[in-house]
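Take the sequences, apply the hints, and build the full model.
For the record, the sequence lines run as chains L and C. Position in the first sequence counted from 1, then plus 98, gives you the working numbering. Position in the second sequence counted from 1, then plus 344, gives you the working numbering.
To be clear, the hints were calculated from the coordinates, so they are not data collected in a lab. Idealized CB from N, CA, C, for every residue including glycine. Some hints here could point you the wrong way.
In silico contact screen, one side only, chain L against chain C (beta carbon under 10 angstroms); selected entries [unchecked claim]:
1. Ser-107
2. Arg-120
3. Glu-140
4. Lys-142
5. Asp-154
6. Phe-189
7. Gln-204
8. Phe-205
9. Gly-209
This is what each chain is made of:
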Amino acid sequence: EAGVTQFPSHSVIEKGQTVTLRCDPISGHDNLYWYRRVMGKEIKFLLHFVKESKQDESGMPNNRFLAERTGGTYSTLKVQPAELEDSGVYFCASSQGSRGAPYNEQFFGPGTRLTVL
Amino acid sequence: AQKVTQAQTEISVVEKEDVTLDCVYETRDTTYYLFWYKQPPSGELVFLIRRNSFDEQNEISGRYSWNFQKSTSSFNFTITASQVVDSAVYFCALSEMRQGNKLVFGAGTILRVKS
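Quick look at the structure:
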């Protein structure tokens, strides 16, 4: 069974450009999460989808970030326009269950390393 | 408020030494879960263990063991007889029942095991 996949693995863009990150969760997982780690700090939660609905987007830093999960399958995270402080590693995770109960293990993807110059 | 503190930024040991990674958490919830993840050089986060707040039994899995103490709000991780392959970044994390499945991570501890 394939794990969580993320594309691209690396992205280098200039300030002001747009970047779209993609996450394909494990098949059948209703819950999809985005996290990011900036400059060696802790990994921080961005948002949580249950199927195609945003369950919790309290961690989204500002309105330059837009996440979608059309059809409840893969998800995209768009940053527009990108700023220097957006550089970091963006992780996606998925878990089973329709309500994201705390005991459901989250399986993480390898992350996308974003560098904004 | 939820918070996870991993005070050790980096630890270096020689192979076969035992090493303990510290994790201290803060929560106001009575029902919560604690996790450890490993991030090897390849970058992915690998789940190691989950513990719920009602189960303070220590756990051992091969060379890994975990010590959960609610009295000190700690969930420490010990690797016995460390190996070079244990070199990685280790993250402790917390999720609260009332916050859904959102994980709150510590800053991570870099473990370097030298041969």
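Each hint tested on the structure:
1. The interface hint given for L/Ser-107 is met, as the beta carbon of that residue sits about 8 angstroms from the closest beta carbon of chain C, less than 10 angstroms.
2. Checking L/Arg-120 against chain C by beta carbon gives a least distance of about 16 angstroms; that is not within 10 angstroms, so the hint is violated.
3. For L/Glu-140, the interface hint holds, the least distance from its beta-carbon to any beta-carbon of chain C being 4 angstroms, beneath 10 angstroms.
4. Checking L/Lys-142 against chain C: minimum C-beta separation of about 7 angstroms stays under 10 angstroms; hint holds.
5. Because the beta carbon of L/Asp-154 sits about 6 angstroms from the nearest beta carbon in chain C, less than 10 angstroms, this interface hint is met.
6. Contact between L/Phe-189 and chain C, as hinted, is supported at the beta carbon level, the nearest pair being about 7 angstroms apart and thus within 10 angstroms.
7. Of the supplied interface hints, the one on L/Gln-204 holds, with its beta-carbon coming within about 7 angstroms of a beta-carbon of chain C, less than 10 angstroms.
8. Hint status for L/Phe-205: holds, given a least beta-carbon distance of 7 angstroms to chain C, under 10 angstroms.
9. Nearest Cβ of chain C to the Cβ of L/Gly-209: about 5 angstroms, under the 10 angstroms cut. The hint holds.
Hint compliance for this structure: hint 2 alone is broken.
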